[in-house]
Amino acid sequence: MNPQDLLTLFDAAAMTALAPLIALALGTLAVLACGIIPGGSVVRPIAFLASLAAAAAYCVKTLVDGAPATLVLDGTFQSGPTTAVWGLVFIASTLFAWLYSAHYYEEDAPFKGEHDVLMLATPIGMMLMAGAHDLLVFFIGLELLSIPLYSLAAFRRDRIRSIEAGLKYFLLGAFAAACFLYGAALLYATTGSLSLDVFADPTRRAVILDQPLALVGVALIASSVFFKVSVFPFHLWVPDVYEGSPTPVTALMETGTKAAAFAFLLNALAMLPNSTAGSIALIAVITMAAGNFGALAQTDVKRMLAYSGIAHAGTLLLGVAGSLNGDPARGGAIEAALYYMAAYVATAGGAFGLLALLERENKGTTTLESLKGLAQRRPVVAAALTLFMLSLGGIPATGGFLGKYLVFSVAVRAELIPYAILGVLLSVVALGYYLRVIIAMYMQSPAEGSVVPESRPTPFATTLASVVCAALVIGLGILPRWFLEVM
Amino acid sequence: MELLLLTFLPLVGAFLILLTPRAAAGVQRGLALVTTLAVAALGIKLFWGYEAGGDPNQYLFEVPWFSLPSAYAAPTLVYFRIGLDGLSLLMVTLTAVLMPVVILSTWGHVEKRVKEFMVWMLVMQTGMLGTFLALDLVLFYFFWEISLIPLYFLVGIWGGERRLYATVKFFLYTLAGSLVMMVAIIAILYQHGTSNVYDLINLLCRLPVEQQLWYFGAFALAFGIKVPLLPFHTWLPDAHTEAPTSGSVVLAGVLLKMGTYGLLRFCIHMLPGAAVAASPWMMALGAIGILYGALLAWAQTDLKRLIACSSVSHLGYVVLGLFALTPAGISGGMLQMVNHGISTGLLFLLVGMIYERRHSRALDAFGGVATVMPVFAVFWVFTVLSSVGLPGLNGFVGEYLVLLGAFQASPLWSVVGLSGVIFGAVYMLMATRKMLFGACTNPENKKLTDLGGREMALMVPLVVLAVWLGLRPGDFTSKVEPSLAQVQQRILEARQRNATASLGLETPGTAAATAPATNSGAEGVAAR
Numbered sequence: 054m055n056p057q058d059l060l061t062l063f064d065a066a067a068m069t070a071l072a073p074l075i076a077l078a079l080g081t082l083a084v085l086a087c088g089i090i091p092g093g094s095v096v097r098p099i100a101f102l103a104s105l106a107a108a109a110a111y112c113v114k115t116l117v118d119g120a121p122a123t124l125v126l127d128g129t130f131q132s133g134p135t136t137a138v139w140g141l142v143f144i145a146s147t148l149f150a151w152l153y154s155a156h157y158y159e160e161d162a163p164f165k166g167e168h169d170v171l172m173l174a175t176p177i178g179m180m181l182m183a184g185a186h187d188l189l190v191f192f193i194g195l196e197l198l199s200i201p202l203y204s205l206a207a208f209r210r211d212r213i214r215s216i217e218a219g220l221k222y223f224l225l226g227a228f229a230a231a232c233f234l235y236g237a238a239l240l241y242a243t244t245g246s247l248s249l250d251v252f253a254d255p256t257r258r259a260v261i262l263d264q265p266l267a268l269v270g271v272a273l274i275a276s277s278v279f280f281k282v283s284v285f286p287f288h289l290w291v292p293d294v295y296e297g298s299p300t301p302v303t304a305l306m307e308t309g310t311k312a313a314a315f316a317f318l319l320n321a322l323a324m325l326p327n328s329t330a331g332s333i334a335l336i337a338v339i340t341m342a343a344g345n346f347g348a349l350a351q352t353d354v355k356r357m358l359a360y361s362g363i364a365h366a367g368t369l370l371l372g373v374a375g376s377l378n379g380d381p382a383r384g385g386a387i388e389a390a391l392y393y394m395a396a397y398v399a400t401a402g403g404a405f406g407l408l409a410l411l412e413r414e415n416k417g418t419t420t421l422e423s424l425k426g427l428a429q430r431r432p433v434v435a436a437a438l439t440l441f442m443l444s445l446g447g448i449p450a451t452g453g454f455l456g457k458y459l460v461f462s463v464a465v466r467a468e469l470i471p472y473a474i475l476g477v478l479l480s481v482v483a484l485g486y487y488l489r490v491i492i493a494m495y496m497q498s499p500a501e502g503s504v505v506p507e508s509r510p511t512p513f514a515t516t517l518a519s520v521v522c523a524a525l526v527i528g529l530g531i532l533p534r535w536f537l538e539v540m
Numbered sequence: 003m004e005l006l007l008l009t010f011l012p013l014v015g016a017f018l019i020l021l022t023p024r025a026a027a028g029v030q031r032g033l034a035l036v037t038t039l040a041v042a043a044l045g046i047k048l049f050w051g052y053e054a055g056g057d058p059n060q061y062l063f064e065v066p067w068f069s070l071p072s073a074y075a076a077p078t079l080v081y082f083r084i085g086l087d088g089l090s091l092l093m094v095t096l097t098a099v100l101m102p103v104v105i106l107s108t109w110g111h112v113e114k115r116v117k118e119f120m121v122w123m124l125v126m127q128t129g130m131l132g133t134f135l136a137l138d139l140v141l142f143y144f145f146w147e148i149s150l151i152p153l154y155f156l157v158g159i160w161g162g163e164r165r166l167y168a169t170v171k172f173f174l175y176t177l178a179g180s181l182v183m184m185v186a187i188i189a190i191l192y193q194h195g196t197s198n199v200y201d202l203i204n205l206l207c208r209l210p211v212e213q214q215l216w217y218f219g220a221f222a223l224a225f226g227i228k229v230p231l232l233p234f235h236t237w238l239p240d241a242h243t244e245a246p247t248s249g250s251v252v253l254a255g256v257l258l259k260m261g262t263y264g265l266l267r268f269c270i271h272m273l274p275g276a277a278v279a280a281s282p283w284m285m286a287l288g289a290i291g292i293l294y295g296a297l298l299a300w301a302q303t304d305l306k307r308l309i310a311c312s313s314v315s316h317l318g319y320v321v322l323g324l325f326a327l328t329p330a331g332i333s334g335g336m337l338q339m340v341n342h343g344i345s346t347g348l349l350f351l352l353v354g355m356i357y358e359r360r361h362s363r364a365l366d367a368f369g370g371v372a373t374v375m376p377v378f379a380v381f382w383v384f385t386v387l388s389s390v391g392l393p394g395l396n397g398f399v400g401e402y403l404v405l406l407g408a409f410q411a412s413p414l415w416s417v418v419g420l421s422g423v424i425f426g427a428v429y430m431l432m433a434t435r436k437m438l439f440g441a442c443t444n445p446e447n448k449k450l451t452d453l454g455g456r457e458m459a460l461m462v463p464l465v466v467l468a469v470w471l472g473l474r475p476g477d478f479t480s481k482v483e484p485s486l487a488q489v490q491q492r493i494l495e496a497r498q499r500n501a502t503a504s505l506g507l508e509t510p511g512t513a514a515a516t517a518p519a520t521n522s523g524a525e526g527v528a529a530r
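Protein chains in written order, with the numbering used here: chain A, 54 to 540; chain B, 3 to 530.
In case anyone wonders, no lab produced these hints; they're calculated from the structure.
One should not assume that every hint holds.
[To be verified] Simulated pairs of lysine to any residue, SDA-like, Cα-Cα distance not exceeding 20 Å: (1) B:K114 x A:V433; (2) A:K165 x A:K114; (3) B:K114 x A:A436.
[Claimed, not checked] Which stretches of chain A does chain B cover? Using the computed rule of at least three CB atoms under 8 Å from a CB of chain B, they are: (4) 453-465; (5) 475-486.
Quick caveat, the model's predicted, so the values are computed rather than measured.
Even for Gly, the Cβ is constructed at its ideal location relative to N, Cα and C.
Given only the sequences and the hints, what does the whole structure look like? Please build it.
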């Protein structure tokens, strides 16, 4: 390849599309460098935030320019407003996780540098996944996201649970990645291409999807994506991994990874045969049931939220099924998924963040028992957690409601009404356990003789992140216009 | 603008209370009372200002809110649109007037966490007013669901022993219905591209009855659970019994009316074809509810539970009247909504007052209370008479109109309902006899003190309303009649349309054409 080719490949449009990724990559290197230069621990947060801010600025610039979606880098990467909004979602997810991690690892402070490097690398992977128009690009993004997450999950190396989480996530994740590669290879064998372009032309798509080998490939790829978003029956790893991982990392997995995998799923929707809409809707409803009924049995709040995350993946998958059943215009599925995930990043991010705060105070896991009487001890924390629980449950005036409304509208428009009704009824089950958290905080007092943990002053980073999350949840709930117009 | 102020004034008050220090209970109570009094004044002003003959939809306030994306059609623009019309007028005024009474009643029984209590009360008022005023389907749903949360906290924190069970049951029951309604709202918005209630009223009545019935079913489920209609009523006695007095008053006075109001505005006015088709079934549910609720109430030994069951019975009248679909029935149903708010509100207040003194609600614990608490006895007997429909008091007019209207539509269910009137008098008077009269044998009861000035004062507005409604119901019905006439017009049109449709079915050609529509049901709805 001569330099001229490289210049054509990385033309102005490509550079615009890649600018946020480059900003993050440079930031990652800078944070890494902070580990060896004197005074690096002071510069590190600045470098971290600056690189996130630069990436966000580039995403906003793409939105302001309003250029239509185009394919760059020889048709392997999609740039445009949708990718940019997804980018902002990932950046927000990383920012919240990082802010909440600031005081989480007090005992493990020496390793904070490595932690930040790994964390800053994840949004690069997410953005690659969301913009990928080529299976190999997606795979690079997937690995760029997953490998840091494997290490982050095991980051509290003095805790057996954390190591278990990391190992489980790694083994199963590696298996899923292998599935993906195998599926991609099978597709390549039938189509001679790794680009999603082959599915763009309806006639060619029909021919491809008629070949059993290609279908096996598609099924393998779908399985590995379903693994990442934790859809039934690929959801069994979630509770253990989410429970064992450090809580800010759980927040990142729950929000960012899920968003990235869904972004790809919606981009690559043409890969799935339209006839699968019904079965995917069924899987979605089963996922919701598995998540919600699983969560109902939990007393550890973090584990409960892990199960609730499975249910939320099911809800989004119903939207995906809806867009498969509809016409190619997809019935607003991408908007719905974006809105849902944007609200979810703020809601679940904030909820896990507050759990991280409480964990630090309790010196242990947050159980429903330990939440009793929280409204009296920490009224503001309890109020914020209530807000997040109501948003997770999709009650109006929170972002969760409108996200749920939009996703279910996609399903209703696509005539998946029985599934939509089953879905909304399952979300009544969900309220059953979200309310339990509120009951513990507001309506029960600590059991007699139990040690009430001493309240410590809330770290500034936690306060900041929680205020932003709460503002986003309410803002998305009552002033959805701003966000909807951006999309 | 006035309506915007009316809706959000309580929220402003709630915010101010949030800023006060936790210990300043007096300030919080005062702020709550001042806020609700201001809202009540504004509500009364709007009521008098409402012109019966004028524009049916007055004080309209609307701003574009957001647009729902849709890749299929133009985005649906959702408005923040609130307005007052004949269907909501009485409910809004009742909500505004009842709240200061409720706040004043909490002086006696809410001692812990006063700040939170007042905040939730005021948030609830905003939720209820918003539900009645909303003229946009999405906005309506928004307020409808929001108003669940405050009561959830009110029962869950300040309730009785089984409060957690009661409050979760209440929440989940109501939510299940609401969410099915949400699916129907999504389908309606998708099909018609607007969420303006008035536009939809013009659009939906033209749909084939089969399609209307799908929507009707979803809406009626949500509203029926809230009312509560017969098979869904079990949450109500629990919630009422465990709720603090003020919670019960709001629940009976206003929150349940959100269900009957929804039935009137959406199930009847918006989907008249389906309402005509479903009328016999709904009347049956209403009439059986009257009888069943009365029998339930008869069997109760707990005073509060008894009144809760009587609520099931009284709301049966409302449903029976509304779904008679006759002018008398609908006006009667509407009046009965207000009457039930006043009478049952008073009953719950009185039970609360005696519970504060005696710490028991068991009927057996009382006897001869009239000798030690004569003023209480006067108020109680007055309220009971108003509740069982003594001519000259509010209950009579509503019940009479409902039964008259129902008789025109279906003599059978009217008679069943009528028997409920008798049972109603039986259980209410028996409870009164057991509690107030006879010998005062229990020494505990001899120590009871009679009502104080605050307690009498807070009941006066409701007593005045009860007499006023009983003697001059026209003052209230004349305001709402033009709107009810419009509803009636819709019903007549729907009857004609249904009649032609069923005639059309008999000719072979059209029968074949309409048959698929019957089968496809909800799918057909979405496909359009």
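Status of the hints after comparison with the structure:
1. B:K114 x A:V433: Cα-Cα ~18 Å, so holds.
2. A:K165 x A:K114: With a Cα-Cα distance of about 31 Å, the restraint between A:K165 and A:K114 is violated, given a limit of 20 Å.
3. B:K114 x A:A436: Given that 20 Å is the threshold and the Cα spacing comes to 18 Å, the pair holds.
4. 453-465: Held - the region 453-465 of chain A has 6 residues with a Cβ nearer than 8 Å to chain B, which meets the minimum of three.
5. 475-486: It holds, with 6 qualifying residues against the three required.
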